[in-house]
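Chemist: One-letter residues, chain by chain:
Protein chains: 2
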Amino acid sequence: MILETDSSKSNGDRAKFVNNYLLYLLAAASEKASAQFHAEVRKAGLRVPEWRVAACLYDSDKMMITELAELSLMEQSRMTRIIAQMVKRGIVKRTSDGNDKRRVWVQLTPDGMALVQALVGDAKDHERALLSELADTDAARIKIMLQTVLNRLEKT
Amino acid sequence: MILETDSSKSNGDRAKFVNNYLLYLLAAASEKASAQFHAEVRKAGLRVPEWRVAACLYDSDKMMITELAELSLMEQSRMTRIIAQMVKRGIVKRTSDGNDKRRVWVQLTPDGMALVQALVGDAKDHERALLSELADTDAARIKIMLQTVLNRLEKT
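Just so you know, the sequences run in chain order U and W.
Counting from 1, position 151 in the first sequence corresponds to residue 151 in the numbering used here; the numbering is continuous, with no gaps.
Counting from 1, position 101 in the second sequence corresponds to residue 101 in the numbering used here; the numbering is continuous, with no gaps.
This is chain U alone, in the form it adopts within the complex (with noise of 0.2 Å):
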């Protein structure tokens, strides 16, 4: 338990505050679970942000770099770096608009494409062993839950 120290039982009558707060509770979920997986995603030779994109590229074939770093939660600058080393490494390509030259998109190589498939395969393996501990509706619910919040917080 995180929240069980020594001293975490002198503040009298006043209810405890951080372990019951949504933003910790979610933070402290995200932080931990990323760092255990990320530790799969480093071994199969991506950075973590290239994760994040081939996760996008995977559900979308091909998008835009202002896509990418909105939905990678990520500044346009730096998402603009991290393709041109995808671009190197050979696990994305770009391509042009044939109607509009200026809009590029990107797109993942076949080497690419395995490379992820197999990390999405890592990614349900372990999503599935963290919900293992919830109910099955709740493992459902928990993630109609979240979005729930997410699109409660894209309106305000």
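Just so you know, not all the hints are guaranteed correct.
Identical copies go unnamed one by one, so any copy, or any two together, can satisfy a pair.
With a Cα cut of at most 27 Å, we get these calculated DSSO-like pairs of lysine-lysine [said to hold, decoys possible]:
{"hint": "1", "residue 1": "Lys43", "residue 2": "Lys88"}
{"hint": "2", "residue 1": "Lys155", "residue 2": "Lys16"}
{"hint": "3", "residue 1": "Lys124", "residue 2": "Lys155"}
{"hint": "4", "residue 1": "Lys101", "residue 2": "Lys88"}
{"hint": "5", "residue 1": "Lys124", "residue 2": "Lys16"}
{"hint": "6", "residue 1": "Lys32", "residue 2": "Lys88"}
{"hint": "7", "residue 1": "Lys16", "residue 2": "Lys93"}
Read the hints as simulated data drawn from the structure, not as lab findings.
Because the structure is a prediction, the values reported are computed rather than measured.
Using the hints, position chain W against chain U.
Modeler: Just chain W now, kept in the frame of chain U:
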């Protein structure tokens, strides 16, 4: 909606991964919710890491630097610098143990306590607004689920 981009419909029959991936949902919800509340933290004159420390001390009256670092998801060397700053600004004070002088505790000052009490109130309001689109039972449930996932993570 995050994932509805122009290009996101083109991956044929392959089921969408990212938008339904627990680690993505946790990271996105955590990052966006925190960014929103941290604007209020800064308005109150605290930096984000200071708010984390203050919230932990609000729960536990006094804690050691090692405990604070673990709870606040931070390196100990960084925590030591943060505490030094907070001492300077009169938000926390250091005390030592009667029995063991090497044991140094950190504790909120009365000013620090007043500041954090106000912010904890704001944090609870913000949390309530975030959870307002979930049914009451779900709002309580999402925290229990996150705690279960966290406990699982701490065991592996």
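Chemist: Please go over all the hints and tell whether each is borne out by the structure.
Modeler: Hints and how they fare:
1. Lys43 x Lys88: within (19 Å within a copy, 44 Å between copies)
2. Lys155 x Lys16: between (30 Å within a copy, 23 Å between copies)
3. Lys124 x Lys155: between (29 Å within a copy, 19 Å between copies)
4. Lys101 x Lys88: within (21 Å within a copy, 57 Å between copies)
5. Lys124 x Lys16: between (34 Å within a copy, 12 Å between copies)
6. Lys32 x Lys88: neither (31 Å within a copy, 32 Å between copies)
7. Lys16 x Lys93: between (51 Å within a copy, 21 Å between copies)
Of the numbered hints listed earlier, the single one contradicted by the structure is hint 6.
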